[in-house]
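Construct the complete structure from the given sequences, taking the supplied hints into account.
Number of protein chains: 2
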Amino acid sequence: MNRRIRSLPVLAVLAAALLAYPAQAASPGNDPAALAKIRDTAMASDYAWERTADMTDLIGPRLSGSAGAAAAVTQVAEAMRKLGARVTLQPVKVPHWVRGLESAELVEYQGRPSGISQRVVVTALGGSGATPASGLSAPVLVVKNFDELKARGAEVKGKIVLFDVAFDQHMADRGLAGQAYGQGSAYRRDGPRLAAELGAAAALVRSVGGASYRLPHTGSTGLVDGARIPAAAVTAEDAMLMSRLAKRGPVSMRLLLTPQNLPDADSYNVIADLPGSDKPDEIVIVSGHLDSWDLATGAHDDAAGVASAMAVLETLKKLDYRPRRTIRMIAWMNEENGTRGARGYLAAEQANADKHFGAIESDNGAGRPFGLRASVPAASSKLFAPLQAALLPIGAGVFQRQDALSTGDLSGLERAGVPSFAPLLDTSSYFDYHHTPADTLDKVDPDHLRRHVALMAATTWFLANIEQPIGRANVPGVN
Amino acid sequence: MNRRIRSLPVLAVLAAALLAYPAQAASPGNDPAALAKIRDTAMASDYAWERTADMTDLIGPRLSGSAGAAAAVTQVAEAMRKLGARVTLQPVKVPHWVRGLESAELVEYQGRPSGISQRVVVTALGGSGATPASGLSAPVLVVKNFDELKARGAEVKGKIVLFDVAFDQHMADRGLAGQAYGQGSAYRRDGPRLAAELGAAAALVRSVGGASYRLPHTGSTGLVDGARIPAAAVTAEDAMLMSRLAKRGPVSMRLLLTPQNLPDADSYNVIADLPGSDKPDEIVIVSGHLDSWDLATGAHDDAAGVASAMAVLETLKKLDYRPRRTIRMIAWMNEENGTRGARGYLAAEQANADKHFGAIESDNGAGRPFGLRASVPAASSKLFAPLQAALLPIGAGVFQRQDALSTGDLSGLERAGVPSFAPLLDTSSYFDYHHTPADTLDKVDPDHLRRHVALMAATTWFLANIEQPIGRANVPGVN
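Quick mapping for you: the protein sequence lines, in order, are chains F and D. Just so you know, we're using full-length UniProt numbering here: the first sequence kicks off at 1 and counts up by one. Just so you know, we're using full-length UniProt numbering here: the second sequence kicks off at 1 and counts up by one.
None of these hints come from the bench; they were simulated from the model. Be aware that one or more of the hints could be misleading.
Claimed, not checked - Computed footprint of chain D on chain F; a stretch qualifies when at least three of its residues, placed anywhere within it, have a C-beta under 8 Å from a C-beta of chain D:
(1) 50 to 59
(2) 107 to 114
(3) 440 to 453
Every residue, glycine too, gets a C-beta built ideally from N, C-alpha and C.
Given below as structure tokens:
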């Protein structure tokens, strides 16, 4: 506990805390005054906004292996050193996939006037194979789901298969954006591979996302070497067009995609430690991912997440608060197309997993947060009451326990028993921009971002200082 | 009046009409039963939707001089002949501007990491000049309005001037989308020309439109020969990025635009007449424009307008209603970048303007209509009560008189005294898609489109049959 905390009327505060939460031992982690101070300091700062702006305005896209990703490693490491954190660059080998030319047009269809072809807006999926340099032309087979692909398996050979599956915006509007994304992205992940197994010449998926502004949404696909066919997302509008034309008669497409799968590249996780005072070997991770897709500047996904994690350290430094456990800010590399950063960290720390007290990641955009998700044992939930109380004034007092969060970068640690934490937030418009050229700084609300920092900083402080054990994650299906 | 109308209990209907509107002489134009029948027939038909689909799905973009525009002339003429209308192709020479390559990136700015440049999404404005084939590089000067351009006139020479003027969505949401567009598009129209006069190397305007999905909105610009500098729209996001970077320090851009201004091309207005029974020399025009911008399929702008006008003839034919005056469906060519179709028609019919009883055009998208705008003398407004009464059941009973509508294709006729009519409609989201790649069929609501047809068909019938004169347009400032 630092000198400012000591200068508070400690006894009165502790008495109040004990009255409010009689079951708990008092500690700096559940000290209401400290948590309130952290919250208010975060709510008065634009540090996370400035870091988000630096990452997106000065660098832009940061796909693994790119100059942007390398520049982001340098930028974040420098900012953390400036704060006095102990910075380590942890080497990781990352996939190096590079987008090439991409174009598509419908060259044959029933009712096509002579001399006309219809442009289709496509964008290659990460990991896609390439067409010949002159493109390929093939009939289009539209399917609405995996069952239809299976039923029409005999028709697939030599065709361009389109999975025309609409994103369920109604589900997203009901607060289930993640589930809607899960449903849709299953086609992006598995569709091209299944089409390749049936001999497809190429595979297209309808963009997985909410709004419809002729925007293609990229993302990674699960193709395997030896069957790496060209695979791309088309816009919702173009998927609907192709479905309508297919009802009129046979449709053929000319498709050009020239991405390259280059040898793995050298990159890094950026790790910045704020060493703990009396339990320095115990670690609380607060994190976001540094890489983004190549189409946009990845403001929501995930510059805002990294910047919020960075701002946790800045908030504590501004207050001169020193944690009991070590707080470790991690800017993960390669969440988007390989999670090599998370895998590398896990490999290095596997034997040390027990020393990881908890791990936070923000990777669902910077929508307004209203609480915390946590994969702690049910019995531990009540311990979080002081944290909830501190976050209630900013509307972020909800505590949602789950058996597993299964987030991109933390799922390995979670399976090793490390409880995961993530902001619970409004994601209803997140998938409008996600993985598109429109994921830009102007979409990030500075006030929402401050709330993210307040939530993450208070949670980090709570975890880094609490006296009681919060237990271990127990992911169903994992021993 | 045709046999079906005669078979109605005419006396009862006329008596009811006379009781409701005692000041009016009864006529087939204000016969409530006929107007109701037209409305209900239109509301039960998908003809306009099918024509919109044919224009957008089968042809796609229809910029003047393109193969798409030519195919649309043929397609619409054929559909009108199929209905038994008397079809004329009226020759017009149209501008032939062709988009080329277009790309832009910010190559210098304060804080730029080595090896990084930021992509800017641009699209050339219609009539833009070209950069050298290798592009041009120049410093960027950001201005917020014409006054700032003037004040900083000495800095303009050799620069790329960006007019970063935001579209006023709040104004659009208040029902003033047209005014918001007028404000914004003044920069697109005049900005590049004014920048050219001050020696700018190129000019950029922030896209004029509502939603912000990294979509560039094209449109025509008022450059003149001899000073035809490269001129493009950038997305709202990119304009904001450049403004932010300009606050950090000097910004330079590499810009490539290779559009071509080709010699004027041959094209046509499509005119389809339904001859009048007892006043065949008097004409009521119902119209939309056939050309669109090249970025998208122009579903709202203005395939839906043309299709609605076509559907007016289809509705009357289905009912076997023959008008007293001649109903003339016109699919105008070249509204977007020259209005050569409207000018050609006006030149041919100038001496015959008095015989044009009224003219309708739908060119504000296919949002839900709630009434009619009209440039008739104030004293004539009350004549429209029976039309309003017939449209009230579909929520389209508002009658809004204005001194002038000044729409793209009808303004010449209006200045010659021909009253203009246009649907009064919800345009709050029209400028989200307008002149972008996202103006596609899926954005058109089939139910709204039926309402357009009902409104336009009832209005056309009313004008083609009414006994009383409705007076002439009296545009302020025109003798």
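We went through each hint and held it up to the structure:
Counting residues of the segment 50 to 59 of chain F whose beta carbon lies closer than 8 Å to any beta carbon of chain D gives 5, which meets the minimum of three for the stated coverage. Counting residues of the segment 107 to 114 of chain F whose CB lies closer than 8 Å to any CB of chain D gives 5, so the stated coverage by that chain holds, three being the minimum. Restraint check on the segment 440 to 453 of chain F versus chain D: 4 residues with Cβ-Cβ distances below 8 Å, three needed, restraint holds.
In summary, the structure agrees with every hint in the numbered list given earlier.
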